[in-house]
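Trainee: Input sequences plus hints: build the corresponding full structure.
Protein chains: 2
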Amino acid sequence: MKVKTAILGVTGAVGQEFLKLLVERDFPLESLKVLASARSAGKTVEFKGQTLTIEEATPEAFDGVELVLSSAGGSVSKKLVPEAVKRGAVVVDNTSAFRMDEGVPLIVPEVNRHVLKEHRGIIANPNCSTIIMVLPLKPLHDRWGVRRVICSTYQAVSGAGWTGIRELEQQVADLAAGREPKIEVFPQQIAYNAIPRIPQSGGVFDDGYLHEEVKMIKETVKIFGDESIHVTATCVRIPVIRCHSETLNVELVKPFTLDEVREALAGAEGVTVQDDVANNVYPVPLACSFLDDVFVGRLRVDNTLPQAVNMWICGDQIKKGAALNAIQIAEDLIRQDLVRVPA
Amino acid sequence: MKVKTAILGVTGAVGQEFLKLLVERDFPLESLKVLASARSAGKTVEFKGQTLTIEEATPEAFDGVELVLSSAGGSVSKKLVPEAVKRGAVVVDNTSAFRMDEGVPLIVPEVNRHVLKEHRGIIANPNCSTIIMVLPLKPLHDRWGVRRVICSTYQAVSGAGWTGIRELEQQVADLAAGREPKIEVFPQQIAYNAIPRIPQSGGVFDDGYLHEEVKMIKETVKIFGDESIHVTATCVRIPVIRCHSETLNVELVKPFTLDEVREALAGAEGVTVQDDVANNVYPVPLACSFLDDVFVGRLRVDNTLPQAVNMWICGDQIKKGAALNAIQIAEDLIRQDLVRVPA
Numbered sequence: 575m576k577v578k579t580a581i582l583g584v585t586g587a588v589g590q591e592f593l594k595l596l597v598e599r600d601f602p603l604e605s606l607k608v609l610a611s612a613r614s615a616g617k618t619v620e621f622k623g624q625t626l627t628i629e630e631a632t633p634e635a636f637d638g639v640e641l642v643l644s645s646a647g648g649s650v651s652k653k654l655v656p657e658a659v660k661r662g663a664v665v666v667d668n669t670s671a672f673r674m675d676e677g678v679p680l681i682v683p684e685v686n687r688h689v690l691k692e693h694r695g696i697i698a699n700p701n702c703s704t705i706i707m708v709l710p711l712k713p714l715h716d717r718w719g720v721r722r723v724i725c726s727t728y729q730a731v732s733g734a735g736w737t738g739i740r741e742l743e744q745q746v747a748d749l750a751a752g753r754e755p756k757i758e759v760f761p762q763q764i765a766y767n768a769i770p771r772i773p774q775s776g777g778v779f780d781d782g783y784l785h786e787e788v789k790m791i792k793e794t795v796k797i798f799g800d801e802s803i804h805v806t807a808t809c810v811r812i813p814v815i816r817c818h819s820e821t822l823n824v825e826l827v828k829p830f831t832l833d834e835v836r837e838a839l840a841g842a843e844g845v846t847v848q849d850d851v852a853n854n855v856y857p858v859p860l861a862c863s864f865l866d867d868v869f870v871g872r873l874r875v876d877n878t879l880p881q882a883v884n885m886w887i888c889g890d891q892i893k894k895g896a897a898l899n900a901i902q903i904a905e906d907l908i909r910q911d912l913v914r915v916p917a
Numbered sequence: 575m576k577v578k579t580a581i582l583g584v585t586g587a588v589g590q591e592f593l594k595l596l597v598e599r600d601f602p603l604e605s606l607k608v609l610a611s612a613r614s615a616g617k618t619v620e621f622k623g624q625t626l627t628i629e630e631a632t633p634e635a636f637d638g639v640e641l642v643l644s645s646a647g648g649s650v651s652k653k654l655v656p657e658a659v660k661r662g663a664v665v666v667d668n669t670s671a672f673r674m675d676e677g678v679p680l681i682v683p684e685v686n687r688h689v690l691k692e693h694r695g696i697i698a699n700p701n702c703s704t705i706i707m708v709l710p711l712k713p714l715h716d717r718w719g720v721r722r723v724i725c726s727t728y729q730a731v732s733g734a735g736w737t738g739i740r741e742l743e744q745q746v747a748d749l750a751a752g753r754e755p756k757i758e759v760f761p762q763q764i765a766y767n768a769i770p771r772i773p774q775s776g777g778v779f780d781d782g783y784l785h786e787e788v789k790m791i792k793e794t795v796k797i798f799g800d801e802s803i804h805v806t807a808t809c810v811r812i813p814v815i816r817c818h819s820e821t822l823n824v825e826l827v828k829p830f831t832l833d834e835v836r837e838a839l840a841g842a843e844g845v846t847v848q849d850d851v852a853n854n855v856y857p858v859p860l861a862c863s864f865l866d867d868v869f870v871g872r873l874r875v876d877n878t879l880p881q882a883v884n885m886w887i888c889g890d891q892i893k894k895g896a897a898l899n900a901i902q903i904a905e906d907l908i909r910q911d912l913v914r915v916p917a
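In order, the protein sequences belong to chains A and B. Following this note's numbering, the numbering of the first sequence begins with 575 at its first residue and continues without gaps. Following this note's numbering, the numbering of the second sequence begins with 575 at its first residue and continues without gaps.
Read the hints as simulated data drawn from the structure, not as lab findings. Be a bit skeptical, because a hint or two may be false.
What the hints assert, rightly or not - Per label pair, the in silico range of CB-to-CB distance:
#1 832(A) x 624(B): 53 to 59 Å
#2 623(A) x 748(B): 44 to 50 Å
#3 749(A) x 605(B): 49 to 55 Å
#4 832(A) x 801(B): 23 to 29 Å
#5 828(B) x 737(A): 43 to 49 Å
#6 800(B) x 597(A): 58 to 64 Å
#7 736(B) x 762(A): 23 to 29 Å
#8 753(B) x 634(A): 47 to 53 Å
To be verified - 30 Å max Cα-Cα, derived BS3-like pairs, lysine-lysine:
#9 576(B) x 622(B)
#10 792(A) x 691(A)
#11 828(B) x 792(A)
#12 756(A) x 756(B)
#13 828(B) x 828(A)
#14 617(A) x 652(A)
#15 660(B) x 576(B)
#16 792(B) x 828(A)
All C-beta atoms in this analysis are idealised placements derived from N, C-alpha and C, irrespective of residue type, glycine included.
Mentor: Now the structure itself:
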C-alpha cells in the first residue's frame, strides 16, 4: 500500500526532519505534497533527487491527500487539520491542539499503538518531553506498576524550532565577539544559562505549573490509559541543541531488583540502556542527538525509598520527540490499515 | 580583633575569590599570607593596592598564622591542614578531606553556626551542591520538618575550577572555528551537552551513586544534625560558567500552605525568593552569578503528593558554594571568639 501524503509545515525543524525520515525509512509514498505558510509558498525543497515546490497550506491543498504529517503550530492545526480530515485525510498532528480531545488517540507506538484504531481522522503526537519519558516508563509499568514519577527536564533549544537553535548559536557568537546577545525567542539569554520556563509550550497555570509540565502530567495518563500514574515535573531549558534529557525518580508498586529493571529496560522497544557510570558509560544529549531511541543510564535504587528507582534519560527532541514518533504512528496506521477517516 | 590569616591555594578559582571577598567584606586582617604549590611560589597577587608574593605551601609556612582559608584540593589538605593546626592555626577547609570526620564541624552558618564551638582546629566547608541546597531547606525543616528531598542538579563548570571554565570556553571557541574540541577536564564534551557524572568530586560507589551525590546525601544529615532528613540526588554538569541550579522535591512532615512556605523562605537568612513565573520572575544561573544568596523560585505544591513542594534554586558555586561560605564561617569564628585551637 502506497499513500498520498502531505507535510504541513515543511519549512520547520520538524518538517525538514519529516523529509529526511521519509527517505531514511523508505516510507511508502504514492505522492508527496509539501505545504507551508503563504510566506514560503513557491520556494522549493529537494526530496529523493526531485525538486518539490512548496504550496500554500489552504483547505483545498488537502484535496486528494490521504495522510498528513502536520507540524505547523497549534493555531494552524486548529484551523487546517479539520479541513484536511473533512477532505478524507488522516492527520498525524504534532501540536497540542487536539491532544487531550476525546476521540483523538494520543500515541507513542511503543506504548499504546493498540488505541490507534479508535481514531476519527486525527491522531495526536504527544509533547516531546512526554514521549521521551514514557518510553522507559512503559516496561516498568507493565511489570511493576508505576505509581509516581518526579521528573526534572534538561530541554534542548530545538523545542523552539529553528529560531531556538539560531538564537543559542547567535548568542554564543555575539558573546565571543563582545557584542550584547539578542534575546528574542527565550525569556532570558539561553547561552551559558538554564531557564525553568518553556514559553513555546504555552503559559502558566494559577498553581505555578507550566503548560509544558502539565502536558507531561496529563498526557502520560492518557497515553497509558491509566489514572494511577502520577507525574510531577519541573521543566528547564538548557543550552543543548537538539536532544532532551530528564532525571526520573520512579516509584513502583511491586518490589523489584535493579538488575530486573535494567533487563526490562534493555528489552523494551525503542529503549537503549547505557549504564556503567564507573566506566563513564551513560547517555549524554550530544551523543544521543540524531539517534532514534531513548537512552537510559544512571540507574540506581532510590536510597530514600527502596520501591523507587532513579535514572537519567536522553532522547532526540526533533526525532523521537517529534518527527520520528509521528512517522512511526503513520507507519502503524498503514500496517493496521487505518489510513482512512471513519464515516 | 584582627587575625593573622593565610590563604592556601590562592591561585585557584576559589582562592582568587577569597582575595576578592576579604576586600569586599572588609575582613579584619592583621596580616595575609598567600600560599600555593611550588609551581606558583614567587608569583605575585595584588591585594588592596599591595603586591603579595606567593609562598610555597610547606608545613613551616603556617608558623604564626591564626586562621587558614584552605582550598587547594583534598590531597593537599590531608597533608597540610593538620600541620597548620599543629602550629596553632584554625583552618576552614573547602575540600572533602575532613568533612565527615568526628570533631570536625561541617558548617553552613545560616543552618548550624551553633556547632562551630565544637571545633578542634578544623572546620569543614561542605560540598557546593550541598551548601546551596541546605539554605532553602533550613526554614522548611525548622517549621515543618523535612522528611525526603529528591534533588536534580544543573552544575556549573566552575566546580572543576579554572580548568573547567577554560575547557568550556575553549570548546565553544574550537567548535565555532570548526576545530575538534579537546576533552580533558570533563569526561565528554561539555559545550552544548549535559553530563551526569562529576569526576572532580570523586568516583562512583557500587550502587551507582556518584561521590558527589553521596556527599549531598550524607553532608545534609550532618549539617542539620538530623538523621530523619533523607536526600536522594542525581548530579549533572551543564554548560553554565559559575552558578549551580537544582530542582528540589521536598516532602514535609507537617501540613503547610504554599504561601507559608514562600514566606518562610523569604524570611530566611541567605535566601532570596524570586517566584512569579507568569511574569518570567524566577532565578536563572546567569543572573545569580556573582551574588551572595541562594535564590528560590518555581514554588509549587507537588500535584502527586500534597505534603511535598517543588522548587528551583540557584546559587553561585564559587561564592556561596565555596569561598563565601568559608569566609562567613571565618567571620563567625571571630564573632564567637573561636579563632584558637583548643588544647
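Trainee: Are the hints correct? Go through all of them and say.
Mentor: Hint-by-hint comparison with the structure:
1. 832(A) x 624(B): 53 to 59 Å: For residue 624(B) against residue 832(A), whose Cβ atoms are near 57 Å apart, the range 53 to 59 Å holds.
2. 623(A) x 748(B): 44 to 50 Å: 36 Å, violated
3. 749(A) x 605(B): 49 to 55 Å: 40 Å, violated
4. 832(A) x 801(B): 23 to 29 Å: The hinted range 23 to 29 Å holds for residue 832(A) and residue 801(B), with Cβ atoms some 24 Å apart.
5. 828(B) x 737(A): 43 to 49 Å: Given range 43 to 49 Å: holds, Cβ gap about 46 Å.
6. 800(B) x 597(A): 58 to 64 Å: Check passed, 60 Å falls within 58 to 64 Å.
7. 736(B) x 762(A): 23 to 29 Å: 26 Å, holds
8. 753(B) x 634(A): 47 to 53 Å: The hinted range 47 to 53 Å holds for residue 753(B) and residue 634(A), with Cβ atoms some 51 Å apart.
9. 576(B) x 622(B): The given pair, whose Cα atoms are some 16 Å apart, holds under the 30 Å limit.
10. 792(A) x 691(A): 21 Å, holds
11. 828(B) x 792(A): Holds - the C-alpha atoms of residue 792(A) and residue 828(B) are around 28 Å apart, at most 30 Å.
12. 756(A) x 756(B): Holds, at about 28 Å.
13. 828(B) x 828(A): Answer holds: residue 828(B) to residue 828(A) is near 28 Å, not above 30 Å.
14. 617(A) x 652(A): Measuring from Cα to Cα gives roughly 24 Å; hence the hint holds.
15. 660(B) x 576(B): 21 Å, holds
16. 792(B) x 828(A): 28 Å, holds
Comparing the model with each earlier hint shows violations of hints 2 and 3; every other hint is respected.
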